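S.K.: Chains as they are written, first to last, in the UniProt record's numbering: chain A, 1 to 174; chain B, 1 to 947.
Worth flagging that the hints you see were computed from the coordinates, not collected in a lab. Accuracy of the hints is not assured; some may be wrong.
Said to hold, decoys possible - Just a sample of chain A residues kept apart from chain B, beta carbon distances all over 12 Å, derived:
| # | residue |
| --- | --- |
| 1 | Glu78 |
| 2 | Ser85 |
| 3 | Arg89 |
| 4 | Gly132 |
| 5 | Gly154 |
What the hints assert, rightly or not - Pairwise CB distance ranges (calculated):
| # | chain 1 | residue 1 | chain 2 | residue 2 | range |
| --- | --- | --- | --- | --- | --- |
| 6 | A | Ala24 | B | Ala414 | 38 to 48 Å |
| 7 | B | Glu418 | A | Gly154 | 34 to 44 Å |
| 8 | A | Glu119 | B | Thr59 | 21 to 31 Å |
| 9 | A | Tyr84 | B | Asp476 | 52 to 62 Å |
Source: prediction; values computed, not measured. Where is the CB? At the ideal position from N, CA and C, for every residue including glycine.
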Amino acid sequence: MNDTVRAQVHSAIASDGDGFTLHADDLHAIEHERDHYEQPQAACIEALKIVQRRHGWVPDGAIPAIANVLGIGAASVEGVATFYSLIFRQPVGRHVILVCDSSSCFLTDYEQLRDALTEHLGIGFGETTPDGRFTLLPVCCLGACDRGPAMMIGDDTYGPVMIDDVASLLEGYP
Amino acid sequence: MATIHVDGRAYEVDGADNLLQACLSLGLDVPYFCWHPAMGSVGACRQCAVKQYKDADDTQGKLVMSCMTPASDDSWIAIEDEEAREFRASVVEWLMVNHPHDCPVCEEGGHCHLQDMTVMTGHDRRRYRFRKRTHRNQYLGPFVAHEMNRCITCYRCVRFYNDYAGGEDLGAFGANDNVYFGRHQDGVLESEFSGNLTEVCPTGVFTDQTHSDRYTRKWDLQFAPSICHQCAVGCNTSPGERYGDIRRIENRYHGEVNRHFLCDRGRFGHGYVNRDDRPRCPEWRSQASDESMTLEIDAALDRGADVLRSARRVIGIGSPRASLESNHQLRELVGAANFSTGIVAREQACLERMARLSRESGLPTPTLRDVEEHDAILVLGEDLIQSAARLGLSVRQAVLGRREELAEARGIPAWNAEAVKTLGQDNYHPLFVAYPTATGLDGIAEASWALAPDDIARLGFAIAHVIDAAAPAVADLDEATRLEAERIASALLAARRPLVISGGSLGSEAVIEAAGNIARALSRRARDGGLILVRNEANSTGLELLGGQPLEWALDELNTQMADAVVILENDLYHRLPRERVDSALDLAEVVVVLDHQRTATWNRAHLGLPAASFAEGDGTLVSLEGRAQRFFQVFDPRYIRPESRIHESWRWLHAVRAGMLREDVSDITLDAVTLDCARRTPALAGIVEAAPGSDYRVEGLKLAREPHRYSGRTAMRSHLNVDEPRTPQDPDTPFTFSMEGYNGFERPRKDVAFAWAPGWNSPQAWNKFTDEVGGHLRAGDPGVRLLHPLPGGYDYVREIPSSFARRDGQWQVVVLPRLFGGEETSSRSAPISERAAPAALILSADDAQRLDVVDGATLVLETDTGRVALPLRLDAALPAGIVGVPAGLDAAFSSGDWGSLFIGPEAGLDAMGPETGAHSKGPETGPLANDDSGRDERADGGEERP
Chain A
1 MNDTVRAQVH
11 SAIASDGDGF
21 TLHADDLHAI
31 EHERDHYEQP
41 QAACIEALKI
51 VQRRHGWVPD
61 GAIPAIANVL
71 GIGAASVEGV
81 ATFYSLIFRQ
91 PVGRHVILVC
101 DSSSCFLTDY
111 EQLRDALTEH
121 LGIGFGETTP
131 DGRFTLLPVC
141 CLGACDRGPA
151 MMIGDDTYGP
161 VMIDDVASLL
171 EGYP
Chain B
1 MATIHVDGRA
11 YEVDGADNLL
21 QACLSLGLDV
31 PYFCWHPAMG
41 SVGACRQCAV
51 KQYKDADDTQ
61 GKLVMSCMTP
71 ASDDSWIAIE
81 DEEAREFRAS
91 VVEWLMVNHP
101 HDCPVCEEGG
111 HCHLQDMTVM
121 TGHDRRRYRF
131 RKRTHRNQYL
141 GPFVAHEMNR
151 CITCYRCVRF
161 YNDYAGGEDL
171 GAFGANDNVY
181 FGRHQDGVLE
191 SEFSGNLTEV
201 CPTGVFTDQT
211 HSDRYTRKWD
221 LQFAPSICHQ
231 CAVGCNTSPG
241 ERYGDIRRIE
251 NRYHGEVNRH
261 FLCDRGRFGH
271 GYVNRDDRPR
281 CPEWRSQASD
291 ESMTLEIDAA
301 LDRGADVLRS
311 ARRVIGIGSP
321 RASLESNHQL
331 RELVGAANFS
341 TGIVAREQAC
351 LERMARLSRE
361 SGLPTPTLRD
371 VEEHDAILVL
381 GEDLIQSAAR
391 LGLSVRQAVL
401 GRREELAEAR
411 GIPAWNAEAV
421 KTLGQDNYHP
431 LFVAYPTATG
441 LDGIAEASWA
451 LAPDDIARLG
461 FAIAHVIDAA
471 APAVADLDEA
481 TRLEAERIAS
491 ALLAARRPLV
501 ISGGSLGSEA
511 VIEAAGNIAR
521 ALSRRARDGG
531 LILVRNEANS
541 TGLELLGGQP
551 LEWALDELNT
561 QMADAVVILE
571 NDLYHRLPRE
581 RVDSALDLAE
591 VVVVLDHQRT
601 ATWNRAHLGL
611 PAASFAEGDG
621 TLVSLEGRAQ
631 RFFQVFDPRY
641 IRPESRIHES
651 WRWLHAVRAG
661 MLREDVSDIT
671 LDAVTLDCAR
681 RTPALAGIVE
691 AAPGSDYRVE
701 GLKLAREPHR
711 YSGRTAMRSH
721 LNVDEPRTPQ
731 DPDTPFTFSM
741 EGYNGFERPR
751 KDVAFAWAPG
761 WNSPQAWNKF
771 TDEVGGHLRA
781 GDPGVRLLHP
791 LPGGYDYVRE
801 IPSSFARRDG
811 QWQVVVLPRL
821 FGGEETSSRS
831 APISERAAPA
841 ALILSADDAQ
851 RLDVVDGATL
861 VLETDTGRVA
871 LPLRLDAALP
881 AGIVGVPAGL
891 DAAFSSGDWG
901 SLFIGPEAGL
911 DAMGPETGAH
921 SKGPETGPLA
931 NDDSGRDERA
941 DGGEERP
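Only chain A is shown next, with the shape it has when bound in the complex (with noise of 0.2 Å):
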């Protein structure tokens, strides 16, 4: 196939067969990462990023969308999604805790503080909770190693955590 064909029928077709759709902003913000970049796969991470924070993961049909986007294959683009820890395939809480399980956090007992979430939570690492209020995950780390154990929900970052304020915390994130 050749650039233009390809690009025409990349462009008819920014949905997969399973029904997902881009949204017309997201596929609008992937088309102008792209064109930053010499290779479109550059933009993969990006688009990735760009789909997660609309559902709050990435959806299956996602994958092939987003393909079809860049013209290059789903199965690069799912090598991308699945390398990195912080893309979701599959669907999280309204928020993400991410407890920082490395070395200066483990040191300021970072194991106390997963005892506390875990506790507090009813679930253990990778788990959502049954409201879908949170979902619980380590992080290597959070660059907040003079203030561990560190943490973070949301976009919000906490350190030091003190055991007795994680409920108040997590009070927060409705």
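Following the hints, complete the assembly by docking chain B onto the known chain A.
M.R.: Just chain B now, kept in the frame of chain A:
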């Protein structure tokens, strides 16, 4: 050259290699996984660690990955160093932490690189006591089975599939210790080269699905050196047999042709050999309507000699899918004046032009290996991935060669694969493709054009004229085409080694001659270029050299009753010409004798049918598209497991029939005798005797073994028939034995290797032991002999240039489009290939469809002077308007260049036709369609069928 010191011994090696390559080329054993001779190094698996020292006095040393370390002069390394050994043992132990250790039920077992490396490193005790990660497997189509738990994460599969072969649907998913290789979703692997995953994967993640149904370990298979019969490229193969069936086809290394890789048609298209409905005994029927009765050999020969002796004149119809020997023997039977090649006139005219160009274009025909050394390529009128897939893969490597050139300029060696790829990105050597629709190589082409065949030719002639003004100019050339021609011409002239590729796929002599003019122009401008011309079938090139009349001539001789008998050799005429045409000729023939290994429509017309050997049961010689004569050897004796079978090579049958006709005793004939006779009688084929050693060839006084020395069960494998074990079949024709007795080693160089095995090397990586250097040539030289060479002299340009393609009102020009799966006669009779073939369809441009107001999937009827067919419509975004594409292998009634009209047909499904039935539609439900708004076709005569 460089001197390296390995474990205290000095060796001369190629300094451009890395240490792993250098050691393996020296015959030293270093274990490895991620490195592959065709794909270079990435340093991922850490298995090939050796100790490297600064100099002779350094006793400390450090561990290095040999695949990532240049073999620079005065290197000092140790493979046998204790620390290096321990390191390697621990690496394989880590890699196997999650491996299921399921060798007894794994189909890789016995030819598994992981087994070989594990044994080599001495890892024989499992210490990991924890839960293993497991994966879900995927359905990947009819060719390749998937078992992800066995993966050791070497990344070879994606590096081959994506980087080397250009696939897009196999990926690596996840990270660290949870990596998965597969498709984004279950589904058929799209690449035409997916079968190579079974050999590239060092363990049993990807295995041969077609072999799985009736599985046999490598050591229990009987092999012979064979040549793929499924296209004209001439890839070398090792078919493996057990219990009278071909179980799988492995790649057989040839340093100039296929090297490590085959296409999927060649690897998985052998099922026709095993079909239950194959003719295995002579059959006789007095009249076409009678049931056939089976005959014994003597009765069949007597009958054959009688009927042919009483005939007035016997016509022989040869075949481009049969060996030279069989065709020669047929010509001897009927006489050269009565011999037809069995090829239709239009194709034969193309073949003759191609043979002449191979000698008289001034440019040589490169081998596949040499194709990869060219740095600008023009493809005129071929979709190589469909018509000569393995050649297409080589063209891809040539185009990717730009990356290596860029790397070299920065001091990065070509083997440093990841660095070369990262640096090169999308930088390619220029590739230009002109074809009626999109082709498999367009993705890496600098430009591609979808043109009607005549316009492809005109573009070609225009390019030649730009390169050399003495070449004829194209009349009425439009400005856009002239600019494109200039662009291509300047890229070809700027190249160090330009390559022109064309062929007979479109049945257009003009396209071939256009390529020829470009070749002549390049040669007159003294360019070190090449010209490669694609032929259609395994022995098309050979048949052209043998010579003979076209198939239509043979049918005309019968139709006009100039001849009353015909002998048809391994050729289904219904696959080549319209049914009515063949029927009328065979109806008039008093005697029809057919030799074939398939029960074809032609076989069903035979009075006498003689069961011929396929490539698996017989020997012979084929000539590939590069003009290389190559011998294929019998894999097994069909009578050993099926004593009732009376299968013999066609040349043997024909020799016996001839002796009977002449009332001579049937003397014994051997392959050597018939090959020699063929060479003597046809000067152009004089070289074929040298294509392989004769039956008296011995290594260390031994014949060559077809079976590995661990071959088991010989005494038991016939016990269901008879507890007495018969004598091992004898082979008077070749230097091979039907036995494990005989030479099978690698120390004594030999060209014809039935299967690659060396102590400690059971996988296909054992080929490294047979080559002069890894990825090089067989130490004894690559097999086969080239028959076509450029002749010195000045050559004239061809001056007949077609006029530009003009659409006609209410008419469409037919273009038959070759296809890898389903487009070739014998492989289409194999279940996995027909499963993989795309559904039959008529292909039309979106423009035309819109004008006709028909949608994708609607049933269309195509009618030409010679046939009519109803098929679903498939829209094609690239095809030019005014052209209708018909997939090859569907219906011989249509050939490229015909004009036909289109009708909206009956409901889809009513008229579905398979490749063999040739069902015809009952008639149009509406009048013919016009491809413009005004015109109604004058030939609106509806359902009339012409003879």
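S.K.: Against this structure, judge whether each hint is valid.
M.R.: Hints, verified against the model:
no., hint, verdict
1, Glu78, "violated, 5 Å"
2, Ser85, "violated, 7 Å"
3, Arg89, "violated, 9 Å"
4, Gly132, "holds, 25 Å"
5, Gly154, "holds, 24 Å"
6, A:Ala24 <-> B:Ala414: 38 to 48 Å, "holds, 46 Å"
7, B:Glu418 <-> A:Gly154: 34 to 44 Å, "holds, 37 Å"
8, A:Glu119 <-> B:Thr59: 21 to 31 Å, "violated, 58 Å"
9, A:Tyr84 <-> B:Asp476: 52 to 62 Å, "holds, 58 Å"
Hint check: violations occur at hints 1, 2, 3 and 8; the rest are consistent with the structure.
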